Each structure stands twice: as C-alpha cells, then as structure tokens.
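My request is simple: use the sequences and hints to build the entire structure.
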Amino acid sequence: MFIKNCWYVAAWEHELLDERLLQRTILNESILFFRTSDGQVVALDNKCCHRHAPLSLGRREGDCIRCMYHGLKYDRHGRCVEIPGQTAIPRQMRVRSYPVVQSKRWVWIWMGDPAKADAALIPDTFSLQHPDWRMKPGYLQFQANHLLISDNLLDFSHLSYVHEGTLGGSLDIAQTRPTMERLERGVRVRREMSKITPAPYHQRLAQFSGPVDRWFVYDYLIPGVLLMESGVRPADLRLREREKTLNFHSCQALTPETATATHYFFASAHQSWLEEGATDHIYQSVLSAFAEDRRMIEAQQQLISSTAAADMLPLLGDAALGQFRLLMQRALEAENPQT
Amino acid sequence: MFIKNCWYVAAWEHELLDERLLQRTILNESILFFRTSDGQVVALDNKCCHRHAPLSLGRREGDCIRCMYHGLKYDRHGRCVEIPGQTAIPRQMRVRSYPVVQSKRWVWIWMGDPAKADAALIPDTFSLQHPDWRMKPGYLQFQANHLLISDNLLDFSHLSYVHEGTLGGSLDIAQTRPTMERLERGVRVRREMSKITPAPYHQRLAQFSGPVDRWFVYDYLIPGVLLMESGVRPADLRLREREKTLNFHSCQALTPETATATHYFFASAHQSWLEEGATDHIYQSVLSAFAEDRRMIEAQQQLISSTAAADMLPLLGDAALGQFRLLMQRALEAENPQT
Amino acid sequence: MFIKNCWYVAAWEHELLDERLLQRTILNESILFFRTSDGQVVALDNKCCHRHAPLSLGRREGDCIRCMYHGLKYDRHGRCVEIPGQTAIPRQMRVRSYPVVQSKRWVWIWMGDPAKADAALIPDTFSLQHPDWRMKPGYLQFQANHLLISDNLLDFSHLSYVHEGTLGGSLDIAQTRPTMERLERGVRVRREMSKITPAPYHQRLAQFSGPVDRWFVYDYLIPGVLLMESGVRPADLRLREREKTLNFHSCQALTPETATATHYFFASAHQSWLEEGATDHIYQSVLSAFAEDRRMIEAQQQLISSTAAADMLPLLGDAALGQFRLLMQRALEAENPQT
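Residue numbers (the working numbering), protein chains in the order written: chain A, 63 to 401; chain B, 63 to 401; chain C, 63 to 401.
These are computed hints drawn from the structure, not numbers from a lab.
Be aware that one or more of the hints could be misleading.
As the list claims (entries may be wrong) - Result set (DSSO-like, lysine-lysine): computed pairs, CA atoms no more than 30 Å apart in a straight line:
#	chain 1	residue 1	chain 2	residue 2
1	C	K166	C	K306
2	B	K306	B	K166
3	B	K166	B	K178
4	C	K178	B	K135
5	A	K66	A	K166
6	A	K178	A	K66
7	B	K257	A	K135
8	A	K257	C	K257
9	C	K166	C	K178
Quantities reported herein were computed from a predicted structural model and do not represent experimental measurements.
Okay, structure coming up:
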C-alpha cells in the first residue's frame, strides 16, 4: 500500500531526450514516459488496453505511440486514435494518462486522483538548476522498502558507523542529539556539531587545519523527499578568515518501485565558486556512501523478509523517524478510510 | 486449471530415440517418456511411488525403468515388478501410465480419463510426414500462459507489426478483416489479401516481380492446435503463368507446461518441388518470427503478472480469439462442474 | 515447523576462530556466532533490536559486538550496553541469546526454551576427537527438507543404487533386510551382509583378496543425528589373520536452515593405525558419495515442490524411516499441543 495523492519523482529530465521511450515501474504500476515535440513529458499506463502488451515495446509516431503487437495507436493523452482494420474507435479504448510536471531537472508524477494534482505542492529543488550551485545527478535502485531508506535519512547518527570512512569521520555525529520540528507534511531536522574531526571528503575539499563545526538542517517531506542545507567551517574563529566555509544543498527523493524496491534520485550541490573537479569529487563521495547505505539497508530488508516479524525498539534519537512514519501512516489511512 | 480430456503434443518422435529418457512437465505433471523395443512410446508419472524420486534419474533395463534411489523397477505399464530385499509386491506399488499415440511425427499424450482417450480425436497433421511436403521440425519454450499464445495465433493482424521485417511486410494484413467460422472443437479462420507487397521471406523464395495475393485458412482446435493452409501468388493474372504459386501447410501445437510456461511445437511445410535450401530458409524465417512473438508475449505475460488485474478490451478483429477462449472456458467447466 | 527443544549442530569449532563473525540461518532464524576471549561460543539473534540491521555486518569490540548501522553495542549475553547519544539503556534493548555447548569439535545450539537446555542430552561424538580415531571434517548444504535426508540415512538400500560406484558396490546391501530397534529418542539400525563384493573405496584401502563381511550399526536420533559403527573384513575366516578388518565410526548431523534447505555436518573416522593418506581418501570418497545423495535428494525435493501432493508408499525396509518420522511428528506435537 502506497500513498497515491502526492508527487513522486519519476525521472531526471535528461533521461527523456529525443524519441526515447522510458519504462519505469512506480508503486507497482508500469508506466511509459516520453517527451513530446513541444517538450512536455507524457506518462501513460504501459499496458495496451487491447491485450496488455507493453507500449514500451512500441514505436513513436510523432507525439503518438503505436503498440507494436496489433498496431493500436495512442495519442499523448492516452486516447486510442487508430485501430488497424477498424474505423470506429470506442471511447473506452484508451490507457490511463498520469499528470506530470517538470520542475528544476526532475520529472514529477502524480499517482492518485488527477483532480488533486496541484503543481504548487512540488518541493523547491532549486539547487538542481541554479547558477550559484553545481551538482552531478545521481540515481540508484535499492532492493528495499522505501520506508527503510526514509528511516536512514531521518537518523544521521548512522554517518558515524555506516560512513565511518566517507561522509562521517567522527563519532560526534552519533553523539549529538538532533532537534526535530513538525511540519505540515514532514519534519525539519537540525543537527549541529561543534569542534569535531572533519569528514574525509570535506578534508580533501578544504584542507582544514583543525577541528570543524558542522551542521545539517533538512526538511523531510511526504512521500520521501529530502531538502538539506549543510555546511562545515573551522571551529576556531581565528581560522575562519583564512579557511573557507563549505556549504552544500542536497535534494533527494525516494519513489517506491514495489514493496521491496525503491528508486532513489539524488544530488548534492555545492556553491559554484569551488574549484573544478569538486563536483565530481562530491558526486563520487556521495555515491560511495550511498552504496554503503544500500549494502546495509538491503541486508536489513533481507533479514526482515526472511525471519519472523518482530517489533523495532525506538531510541531517543528516533523522534524524527517516528514522527515521519506516523505522518506517512496517517496519509495512507486518509486515502483508504476503510482499511 | 487445464483441460485434461484431450490430446496434447508431448514431443517430436525423434526426441525419443534409442534408450533415451525424456522428462517433460505437462500441465504441472512431471512425466517420463521413453520408447520401448517394439517402438511404442511409454509415458509414466515421473515420481517413484516409494519416496517420489524422479524416475528420469533412473536406468533403462530393457523395456523397464529402475528407480536409482532404492532400486524399484517398473514395467512399461507403470507396475512395480521388483523391490530389492522384498518378494511380495503390493498391487498399489505403481506409477500412473498415460495413454500415448504416435501420429505423423508427433507424440500425443492424453492427460485425463484414459477411458476417454480416443485416437480418432487426434488432428491430421499430414504435412509433417507426406512425400509431397517437406519441413524441418521446430520447438520453442515460451515463458507465458498458453492462452496468450493462442490469442496470438488467432489474430494475424500482428504480422504487420510484430513481424514487420520477417513474415509480414505489409500493413494490408492488419487492414484485412478475417472471417471466422465456428467448428465443433475450434474455429476456422480465413484471411485473404489481394495485391499486397510480398513478405520478405516469400520474396526471397519466389522473386515476385509485383504485388501478390496472399491467403491464410486455418483451423484452430482445442487445446491449442493450428492446422493452416497458406499461399501467395502474383496478383497480376498474366504473371501467374511465369511465376510460381507458393503453397504452405503449417502444423503448430501448444502444450502447457505450467500456468506461465508453454511448450510450442511447430513446422511450416512447403511443397516438395521447391529448390533445395528452401526448407531450411523457411524454418529459419519462422524461427526468427516466433522469437519475435516470444519477446512480445513474454513481455505481455510479465506485465500481466506484475501489475494489478485489468480487463482486456476486444476489437472487432478479435472474434476468433474470443470464440476460442469461450470454447476453452466451456470445456474446462464441463470437466469441472463444481467450479 | 521444527522441533525447538533439542540440540542442533550449528558449526564445526574451527569455523569460529579468532575474531570471526559467522552468520548461519537455523530453523529460519538468522543467528550470529562468535567466540569470546575465554573460548566460549556466543549465539545471538542476528537482528539488532533497534532497526533490525544484521549484527553480522557489525564489528567485534572485545567480547562485544557493535551494530554498524547506528552503533548499538551488545555484550556476549545480548544485552545492549551502549547507545550512542543516549545514556539510559532500557532493559528491553537486547537481542536473544541462545544456549550453546561445544562438545568434541561440534558447536551445538538449543533453539527452544533455554531452561530445558540440558547439555547431557548432547550425543557423544567421540570419534571426532579421540587419539584412536582420525577424520577430516565435512560440511554440505542441501537444498532439500531435512526429513528427506533423514529418510536417506535411515535406508541404506540406496547404497546399491545411488552409490553403485562409490560406497556401495554390491546389490547385496539392498537385498539384506536391516533390523530396527526403538530407542527413547531415535532408532537403532543394524544391517549385516555376508560374503559380498567390497565397496570400491574399501577395496582401495585394504586390497581384499575375496568376498567380505560388512556391517553397519547406527543410532539415528532426534532431530537428525547419526552415530554409526561400521566395518568390513574378509568373509573367509582363513584370510582374517593376513587381511585387516576396517573399522569406521561416523558422526553426521542435519540442521534445518529453512523448510527446503539443510545444513549437513559429517565426518567418517577411521582407526588411527591406517596408513597416511587414508583420512583424505575416505573423506573424498564420502564427499563424492554425498554429492550423489544431494543430486538425488534435491531432484526429489524439486519434484515434490513442483507437483501435486501424493502419498509416499512404504516398503518393508522402511521400518526405521517410518518409526523415526513418527518420533519426529510426536516430538513436534508435544511442543505444539494446539496444532
């Protein structure tokens, strides 16, 4: 069971170039994406209404798609506009079309009631497309339920352990209690650490000569979107003139593929003044770190799937995680009142 | 659920040479086939009645088969005739034996009540073994439900799309409405096209100098057997003296392995006067085309299996397909009145 | 469903050297094993009580294990002794600890009520660790239910067929009826063969000049432990002075991993006076033979899993097998009275 009435990231804009057909499974639904000649992105149910052949094996014909099984042709709205050997086309011959919005490099899809698809609800991922920021786009697939990844993102104490040699580098992260603030559709988490050892990848970027102050402030929003400011600077006030403050802005989004597989879109943007090479260095550091997360979370998923169900016991640091799971549960129940 | 009281093609005769043991799963039942010294084919339940070890891991001893787990020996009728270390052999020590008939290169098996196994019900696949006809035997396994393949064979409009570059070659096939006639245990489909572009593989066989007339007439019978005459000749009457008419006869049979896997036996025979090399050329063309079908049908099966159930919407051209599904459904219900 | 209140072999002692972490699934439970500094073996539920991350991806810290997801640290009893960023540790923060006993090279685990874990119930596997005996330790994993392997071990008539060219070598094994004696928690099986052809691997060890007498006497105990004396010597009394008697003692234990996978621990010890090289020769012979068993039993499991359920029909030689299955069934019912 998934929340349907919300925007999910379906793709990076650059995944839909030219005549390309992109099939992606979202919330167990197989969806075909393509870009029309006017630059809009179309999302259609991938199942031909006739015999359920995949339209993703079909052929672009202008802004239409032809099923290459028996030749039914659909327009960008999912309406069948041609049936070979048949002149009348019944009105019900169509596939579902999903609302899609392109916003700052991401393609968002609305999986629920189209009448509720308000583009104003789309989070502002400004750092993906802004002259002051640079980033390299990331995508991974996790063989795990999306909530396990949300858990991960809502408790950065794992940086001290999972990412000991990459993003972490200091036990102080785990030792610092974050604060959590409730938002209407999510939580705001703030974690500030003072006079700690810099993370290996920060050190390589800025060559700090001593301990640093480091902070994370992020909103984590339904159904699994993270927007984070973070930074690091010398803890010693006298060094702050000579040594730089590093500021980052990260956008991350989880989109369930199935109950045990999740699409993970991410980017960690830095300010444009950083030297050439920093973008790739940061991208590679984050990618290595997310591979560490993936190893842990997929092992966690396998253990949960293969053994008897048991309660998870909360820690004091799990406030944000617990609050977000509660919000998700309520949103799900609001959509499914009988359940 | 499968129809049991009917003949299914189990193998090509040449698959059962010498002492060979052939295991094949049919309708979810694991069956052992072998040929006895008098040339008959035996089909036995592959599960030893003692501990359910597979007899297909056993050893031929004359016309008997010995289970190589604990040494039980069965005769060609499935009766246990030796138990090591035990002289009395209880009557119930036996495995099921299935009625088998060899007819014109195919080995047919009856999966239901043996008392109803009437060899007269076996379709006449004359072109598989006739001096006027030549063919090369074909076999493929599809990871798909047999009904999806029957659907495919009952609507040749797909030739224009799936087989655009092989068996098809002309949109006119899809544009032509076939006629359908009800038979007692199947349907007869007729599709005639006039003045169309020849299919690539026909062109290579006959070098037609212009448009052609092309026709298919086939019976499609429960549980999934196709017997088809087809042909192609110059559309221009004046050319018919100089250019040849190509006549084909095709036999095809679907045998469910499981609910999502199907054995597919086929041959496309041509008249013997065609030049040497034609047999192999036709075989390769058909094999390539069936690989195109397989790609589409397996993708269709995967899409159906992995997404929520939905109705398939019929087209006018689906009359034969719909009629055949109805006949199959009725046959199934007749065998399972309580269902 | 498995019997829980009994000792299962979990590992060979040498699998737990140094700081090694061993994850092994037993009765569908994922368990972490490691050896503490005082030489004891610890078995803990592998699921961290916090978010169910596997402790087997964790880090040894002295005799403790730290979960490398969020840093919880557990002592050898499974008690959480450190939570990063949190001083109070609630009593319920712990993972289950299983009773473990090391006895003569094997590590035994008790999967049920710890109060009933009586080490006196552990079978005496003396030949695994005794100056008069030599052996090489064996382990295989079978993709089959443990009862199918117990069946195999309770009916040695299969030696004549499955192991025709290895451990068997004579049809007389299958022809000889064993005797069976009921034990409190198992059965005692005795099979004595007179004047038979020696097995290939015996012949290579002892170069018998004629027929031999051969015998097996073994106890087969809940939940699947075999302790066997066996031997072979010249049948001709006059040869017994010149030719040696071979005596073996074999310990074998089955531990269910899941309903369709089983850990198989085994060793076949010989008397220490045998020439150098005999240990390895016997080990290789037994390993080859058990690979023959595995092929048959895994095929049997697949056939049973993929086809409709059917009764297995007993033979006269199945008395021990039937009696043992009955004992297992009763032990299971005694633990689960409502079932």
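Now for the hints, and whether the structure bears them out:
1. C:K166 x C:K306: holds, 28 Å
2. B:K306 x B:K166: holds, 28 Å
3. B:K166 x B:K178: Holds: K166 of chain B and K178 of chain B sit about 21 Å apart, inside 30 Å.
4. C:K178 x B:K135: Roughly 47 Å between the alpha carbons, so the hint for K178 of chain C and K135 of chain B is violated.
5. A:K66 x A:K166: holds, 22 Å
6. A:K178 x A:K66: Satisfied, since the Cα-Cα distance of roughly 10 Å is no more than 30 Å.
7. B:K257 x A:K135: holds, 25 Å
8. A:K257 x C:K257: Not satisfied, since the Cα-Cα distance of roughly 85 Å exceeds 30 Å.
9. C:K166 x C:K178: Distance of about 21 Å is within 30 Å: holds.
Consistency with the previously given hints fails for numbers 4, 8, ordered from lowest to highest.
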